[in-house]
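Visitor: Sequence:
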Amino acid sequence: LKGTLNLSRFDREPIPEREWLLQDWIPSGVVTLLYGDGGTGKSLLCLELQTCVALGQSFFGIEVTKGTSLGIYCEDDEFEIARRQANINQKYFTDFKEVEQYATWVSRVGEENILMSFDGKSIGNKTKFYTQIKKVLVENNPKLVVFDTVSDFFAGNENVRSEVTQFITLLGGLAREHNCAVLVCAHPSRSGMGTGEGG
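Take the sequence shown: its position 3, counting from 1, is numbered 52 in the numbering used here, and each next residue is one higher.
Hints may contain errors.
As the list claims (entries may be wrong) - Quick list of the computed label-pair ranges, beta carbon to beta carbon:
| no. | residue 1 | residue 2 | range |
| --- | --- | --- | --- |
| 1 | Asn55 | Lys177 | 35 to 45 Å |
| 2 | Ser107 | Ile172 | 37 to 47 Å |
| 3 | Thr153 | Arg61 | 36 to 46 Å |
| 4 | Leu82 | Arg61 | 35 to 45 Å |
| 5 | Gly169 | Gly90 | 35 to 45 Å |
| 6 | Val158 | Arg225 | 28 to 38 Å |
| 7 | Gly110 | Gln139 | 13 to 23 Å |
| 8 | Arg210 | Phe128 | 30 to 40 Å |
| 9 | Gly110 | Glu149 | 18 to 28 Å |
Said to hold, decoys possible - The calculated SDA-like cross-link candidates involving lysine to any residue, where the alpha carbons are at most 20 Å apart (straight line), are:
| no. | residue 1 | residue 2 |
| --- | --- | --- |
| 10 | Lys175 | Thr198 |
| 11 | Lys177 | Arg210 |
| 12 | Lys177 | Leu219 |
| 13 | Lys177 | Glu212 |
| 14 | Lys184 | Glu212 |
| 15 | Lys177 | Met165 |
| 16 | Lys175 | Glu226 |
| 17 | Lys175 | Val185 |
| 18 | Lys184 | Asn228 |
| 19 | Lys140 | Glu112 |
| 20 | Lys146 | Phe128 |
| 21 | Lys183 | Gly173 |
| 22 | Lys184 | Asn208 |
| 23 | Lys184 | His227 |
| 24 | Lys183 | Glu160 |
| 25 | Lys184 | Ile163 |
| 26 | Lys175 | Arg225 |
| 27 | Lys183 | Thr81 |
| 28 | Lys184 | Met165 |
| 29 | Lys170 | Asn206 |
| 30 | Lys146 | Asn189 |
| 31 | Lys115 | Ile137 |
| 32 | Lys177 | Val158 |
| 33 | Lys115 | Asn138 |
| 34 | Lys170 | Asn208 |
| 35 | Lys146 | Gly116 |
| 36 | Lys177 | Arg157 |
| 37 | Lys183 | Arg157 |
Hint data in this document are derived by calculation from the structure and do not stem from the laboratory. In this text, a Cβ means the ideal position worked out from N, Cα and C, and glycines have one as well.
Build out the structure end to end from the sequences listed, making use of the hints.
Guide: Next up, the structure:
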């Protein structure tokens, strides 16, 4: 059966340690979800994390892995991102040119950003935009990829578990194949907001 493990080999071989983008918080090779109500600063946190990864500086005192990053922002235009980034640059005593050597910011306001669409049988289909993203990852090998926010990329029904699972599996495949941390911003679901439990 595909996926069957031979764990006995680790009686003889060392088990590889987990790799982290943000130590003990954001692992490499998997998808991490960042939940929060609208306007609570998720995008700002992601911009600052991209900056810290670019500079190799700690993020709120937590060690990060230095490298390149790709941030895809669907709710903020060029000028809003520039205003926020300018404040971040001031905090870290840097400038746009230095950060831009390692960080790529993409504003997709008003664009078609769906990565996976669904037919009447709830079977997910990869889109042209997904293919474009994958090509960028192959060419640039980023350590961090930010998708802000999930509702702009997911065309399925958040209450249909199989559709949500397919989408997360799609992003997880990108994370594993390119050994990068995939960070996805999300608003709490309607049910979570209704119960006050989030998620």
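Visitor: Each of the hints needs a verdict: does it hold here or not?
Guide: Cross-check of the supplied hints:
Separated by about 39 Å at the C-beta atoms, Asn55 and Lys177 satisfy the suggested range of 35 to 45 Å. Checked against the given bound of 37 to 47 Å, the beta carbons of Ser107 and Ile172, roughly 43 Å apart, stay inside it. Thr153 and Arg61 have their C-beta atoms about 42 Å apart, which keeps the hinted 36 to 46 Å range intact. Our hint of 35 to 45 Å for Leu82 and Arg61 holds, since their Cβ atoms are close to 37 Å apart.
Checked against the hint of 35 to 45 Å, the C-beta distance between Gly169 and Gly90 comes to roughly 38 Å, which is consistent with it. At roughly 30 Å, the beta carbons of Val158 and Arg225 sit within the given window of 28 to 38 Å. The hinted range of 13 to 23 Å is satisfied by Gly110 and Gln139, whose Cβ atoms lie roughly 19 Å apart. At roughly 39 Å, the beta carbons of Arg210 and Phe128 sit within the given window of 30 to 40 Å.
The hinted window of 18 to 28 Å between Gly110 and Glu149 holds, with their beta carbons roughly 25 Å apart. Proposed proximity of Lys175 and Thr198 is supported: the alpha carbons are some 18 Å apart, at most 20 Å. The suggested pairing of Lys177 with Arg210 is violated, with an alpha-carbon distance near 24 Å, which exceeds 20 Å. Distance hint between Lys177 and Leu219 is fulfilled; the C-alpha atoms sit about 14 Å from each other, no more than 20 Å.
Between Lys177 and Glu212 the alpha-carbon distance is near 19 Å, which keeps this suggested pair within the 20 Å criterion. Restraint check for Lys184 and Glu212: not satisfied, since their Cα atoms lie roughly 24 Å apart, outside the 20 Å limit. Taking the CA atoms of Lys177 and Met165, the gap is near 9 Å; set against the 20 Å cutoff, the hint holds. Distance hint between Lys175 and Glu226 is fulfilled; the C-alpha atoms sit about 16 Å from each other, no more than 20 Å.
Restraint check for Lys175 and Val185: the C-alpha separation of about 16 Å stays at or below 20 Å, so the hint holds. Restraint check for Lys184 and Asn228: the C-alpha separation of about 15 Å stays at or below 20 Å, so the hint holds. Annotation: proposed proximity of Lys140 to Glu112 holds, straight-line Cα distance about 17 Å (limit 20 Å). Restraint check for Lys146 and Phe128: the C-alpha separation of about 16 Å stays at or below 20 Å, so the hint holds.
With a CA separation close to 17 Å, the supplied pair Lys183 and Gly173 stays within the 20 Å bound. For the proposed pair Lys184 and Asn208, the alpha carbon gap of about 30 Å is over 20 Å, so the pair is violated. Taking the CA atoms of Lys184 and His227, the gap is near 11 Å; set against the 20 Å cutoff, the hint holds. In summary, the hint linking Lys183 to Glu160 is supported, as the alpha carbons are separated by about 18 Å, within the 20 Å threshold.
Restraint check: the Cα-Cα separation between Lys184 and Ile163 comes to about 16 Å, which is no more than 20 Å; the hinted pair holds. Distance restraint check for Lys175 and Arg225: the Cα-Cα separation of roughly 17 Å lies within the 20 Å cut-off, and the hinted pair is therefore satisfied. The hinted pair formed by Lys183 and Thr81 meets the criterion: a straight-line CA distance of about 18 Å does not exceed 20 Å. Using a Cα cut-off of 20 Å, the hinted pair Lys184 and Met165 holds, with the two alpha carbons roughly 16 Å apart.
Annotation: proposed proximity of Lys170 to Asn206 holds, straight-line Cα distance about 12 Å (limit 20 Å). Proposed proximity of Lys146 and Asn189 is supported: the alpha carbons are some 18 Å apart, at most 20 Å. Distance check on the hinted pair: Lys115 and Ile137 sit about 17 Å apart at the alpha-carbon level, within 20 Å; holds. Between Lys177 and Val158 the CA atoms are separated by roughly 17 Å; this keeps the pair inside 20 Å, and the hint holds.
Among the hinted pairs, Lys115 with Asn138 is consistent with the structure: their alpha-carbon atoms are about 17 Å apart, no more than 20 Å. Annotation: proposed proximity of Lys170 to Asn208 holds, straight-line Cα distance about 15 Å (limit 20 Å). Distance hint between Lys146 and Gly116 is fulfilled; the C-alpha atoms sit about 15 Å from each other, no more than 20 Å. With a C-alpha separation of about 15 Å, the suggested pair Lys177 and Arg157 falls inside the 20 Å cut-off, and the hint holds.
Straight-line distance between C-alpha atoms of Lys183 and Arg157 comes to about 16 Å, which keeps the hinted pair within the 20 Å bound.
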